[in-house]
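Enquirer: This is what each chain is made of:
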Amino acid sequence: MKKVRWRESKKIRSILWNTIVYIILCSFGVLVLLPFFWMISSSFKTDAEIFVFPPKWIPSKIMWQNYPQALTSFPFLRSLRNTLIITIGVLIGQLLTASMTAFAFARLRFRLREPLFILVLSTMMIPYQVTLIPTYILFKTLNWVDTFLPLIVPAYFGGGAFFIFLLRQFFMTIPIELDDAAKIDGCTTWRIYWNIILPLAKPALATVAIFSFYGSWNDFLGPLIYLNSPEKHTLSIALQYYRLGMTFGPTRTWAHLMVASLVVMLPCIILFFFTQRYFIQGVVITGLKE
Amino acid sequence: MNSISQLRRKEELTAYLFLLPWIIGFVVFTAGPIIASIYLSLTSYDLFSSPKFVGLSNFKEMFFKDKLFWHSLKVTTIYSVVSVPLHIAIGYTLALLLNQRIKGLAWFRTIYYMPAVVSGVSVAILFQWIFNPELGLVNAILSKFGIQGPRWFASVQWALPTFIIMSLWSVGGGIVIYLAGFQGIPTELYESAELDGAGGLEKLRYITIPLTTPVIFLQLIMGIIGSFQVFTQAYVITAGGPANATLFYVLYLYQNGWQFFRMGYASALAWVLFAIIVTLTLVIFRTSGRWVYYAGMPR
Numbered sequence: 412m413k414k415v416r417w418r419e420s421k422k423i424r425s426i427l428w429n430t431i432v433y434i435i436l437c438s439f440g441v442l443v444l445l446p447f448f449w450m451i452s453s454s455f456k457t458d459a460e461i462f463v464f465p466p467k468w469i470p471s472k473i474m475w476q477n478y479p480q481a482l483t484s485f486p487f488l489r490s491l492r493n494t495l496i497i498t499i500g501v502l503i504g505q506l507l508t509a510s511m512t513a514f515a516f517a518r519l520r521f522r523l524r525e526p527l528f529i530l531v532l533s534t535m536m537i538p539y540q541v542t543l544i545p546t547y548i549l550f551k552t553l554n555w556v557d558t559f560l561p562l563i564v565p566a567y568f569g570g571g572a573f574f575i576f577l578l579r580q581f582f583m584t585i586p587i588e589l590d591d592a593a594k595i596d597g598c599t600t601w602r603i604y605w606n607i608i609l610p611l612a613k614p615a616l617a618t619v620a621i622f623s624f625y626g627s628w629n630d631f632l633g634p635l636i637y638l639n640s641p642e643k644h645t646l647s648i649a650l651q652y653y654r655l656g657m658t659f660g661p662t663r664t665w666a667h668l669m670v671a672s673l674v675v676m677l678p679c680i681i682l683f684f685f686t687q688r689y690f691i692q693g694v695v696i697t698g699l700k701e
Numbered sequence: 039m040n041s042i043s044q045l046r047r048k049e050e051l052t053a054y055l056f057l058l059p060w061i062i063g064f065v066v067f068t069a070g071p072i073i074a075s076i077y078l079s080l081t082s083y084d085l086f087s088s089p090k091f092v093g094l095s096n097f098k099e100m101f102f103k104d105k106l107f108w109h110s111l112k113v114t115t116i117y118s119v120v121s122v123p124l125h126i127a128i129g130y131t132l133a134l135l136l137n138q139r140i141k142g143l144a145w146f147r148t149i150y151y152m153p154a155v156v157s158g159v160s161v162a163i164l165f166q167w168i169f170n171p172e173l174g175l176v177n178a179i180l181s182k183f184g185i186q187g188p189r190w191f192a193s194v195q196w197a198l199p200t201f202i203i204m205s206l207w208s209v210g211g212g213i214v215i216y217l218a219g220f221q222g223i224p225t226e227l228y229e230s231a232e233l234d235g236a237g238g239l240e241k242l243r244y245i246t247i248p249l250t251t252p253v254i255f256l257q258l259i260m261g262i263i264g265s266f267q268v269f270t271q272a273y274v275i276t277a278g279g280p281a282n283a284t285l286f287y288v289l290y291l292y293q294n295g296w297q298f299f300r301m302g303y304a305s306a307l308a309w310v311l312f313a314i315i316v317t318l319t320l321v322i323f324r325t326s327g328r329w330v331y332y333a334g335m336p337r
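If you read the protein sequences in the order shown, they are chains A and B. Under my numbering, the first residue of the first sequence carries the number 412, and numbering increases by one thereafter. Under my numbering, the first residue of the second sequence carries the number 39, and numbering increases by one thereafter.
Derived from the structure by calculation, the hints contain no laboratory data. Just so you know, not all the hints are guaranteed correct.
Unchecked claim - Derived lysine-lysine pairs resembling DSS-like cross-links, with alpha carbons at most 27 Å apart: (1) K551(A) x K90(B); (2) K422(A) x K141(B); (3) K182(B) x K472(A); (4) K241(B) x K422(A); (5) K141(B) x K421(A); (6) K643(A) x K613(A).
If you're wondering where the values come from, they're calculated on a predicted model, not measured in any experiment.
Build the full structure now, drawing on both the sequences and the hints.
Expert: Here it is in structure tokens:
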């Protein structure tokens with residue numbers, strides 16, 4: 412009798428505990444989602460309703476026209492094109508040269524392998540601000556300021572220590588017997604890299620591609636320093652200028668600004684929904700986030 | 039024998055060919071700039087006339103005259119000291135709750151992670167709107183409870199705390215990492231603890247937390263490094279104001295370089311930042327022996 416009651420109270424306790432857990436998790440979920448909803452709600456409001464306090468969640472009149480209005484006053488297509496050129500240019504460079512570097516560290520034997528790999532890792536420690544100024548001066552002397560080159564070209568020289576590390580860790584998990592068998596069949600090292608390792612490493616390459624995309628898409632300081640003329644502006648710089656236009660420029664209301672911000676954010680969110688598992692994989696391989 | 043050493047030499051050569059892009063990149067974009075930056079930090083350079091060697095006077099100015107340097111260091115340190123532990127504590131707690139064989143784990147994880155993938159200018163603008171003193175969402179909710187909200191980003195007192203609150207929105211970025219850490223704990227440990235009569239709290243205290251200290255340790259280091267490099271949000275939302283209340287270190291560095299054209303001074307600021315990050319990392323590493331547990335290491 413006593414034992415049954417003890418078991419029942421244990422059951423009640425576990426139900427109670429589960430309820431508390433769900434309440435906490437759901438409320439945090441709501442907190443995370445609220446800014447997104449607020450953004451969407453604001454983007455559909457009329458000028459007048461933006462200034463209503465306390466604000467309404469659902470606008471009394473859905474202003475669809477905010478979207479075409481904002482997207483014509485905000486140089487959307489031009490800055491999208493610029494952002495895509497940089498993003499894709501960087502992505503190809505990072506995939507190619509980070510995987511080459513990682514391949515050498517993971518699959519080839521050479522005398523300086525350990526010290527050089529430590530060197531790669533230690534470059535992660537150096538804050539980018541240290542190299543920022545001399546690199547800027549270098550590109551300025553090359554007359555590359557106000558072109559996309561300073562943002563794209565460095566990606567073709569190793570692709571960044573983080574990606575080298577991530578790919579190397581993944582390459583290490585591929586059985587070395589594959590390389591040996593290929594060598595016996597007369598494969599060159601280049602063919603082993605291109606036809607064996609890269610196809611097998613597709614998941615890790617996808618992770619690198621996605622992180623690289625986010626890096627370029629959201630980058631602000633790089634384009635801010637290097638791209639001066641409005642025709643060269645990326646989405647994030649154009650958005651910043653659009654925001655400054657609130658006082659004397661093409662931005663009419665907060666609703667327009669929310670439309671523009673939403674449009675810049677949306678590709679990141681959509682991509683995330685389709686590629687989630689690669690994020691988690693990146694974390695599992697390296698134990699680091701971006 | 040000879041052919042083997044020939045093969046070896048060939049492999050060695052191929053390896054360096056594969057490394058060639060990185061080696062060039064390292065020399066041109068890392069090592070070269072580092073050396074140049076050391077030199078520049080000892081000069082006065084405005085980008086237009088050639089750099090003038092001034093010895094240590096940039097550093098002297100920074101440490102003994104420049105109040106804004108100390109101020110920006112203070113702002114950044116407060117931000118770091120408050121936001122990094124909060125991120126770890128909240129992220130770790132949420133990860134623990136998610137680890138309770140929860141239904142809908144994938145949903146929660148997705149939602150929590152979302153803010154980590156949207157960053158930069160659009161998020162800064164969104165939060166500027168949310169924390170708008172007159173029309174923003176936060177003050178609207180507060181007024182429902184009869185609270186007159188502060189002026190957030192526009193208030194000298196509140197601007198920095200508002201940045202900290204805003205940063206907590208993306209706390210979910212770490213959750214995936216903690217969850218991966220929990221997966222790495224052998225289940226036998228929990229089973230034998232249960233046999234010994236350990237309850238949930240004991241398991242947490244004696245198994246889960248100790249075995250995930252390496253993950254926490256890594257998050258602590260990455261968090262501190264990241265917090266000392268805050269730039270975009272501050273540049274977009276407050277530009278360092280009001281009254282320099284949010285003059286983050288990197289923002290001050292940017293102002294010196296690209297607004298006051300003091301490239302030499304900005305280089306010196308960059309080196310001090312580097313020294314701070316290295317020192318903090320070393321200090322954390324030093325103390326880590328006391329609280330970080332590595333499986334298979336003698337204690």
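Enquirer: Of all the hints numbered above, which does this structure not satisfy? Sort the numbers upward.
Expert: 6
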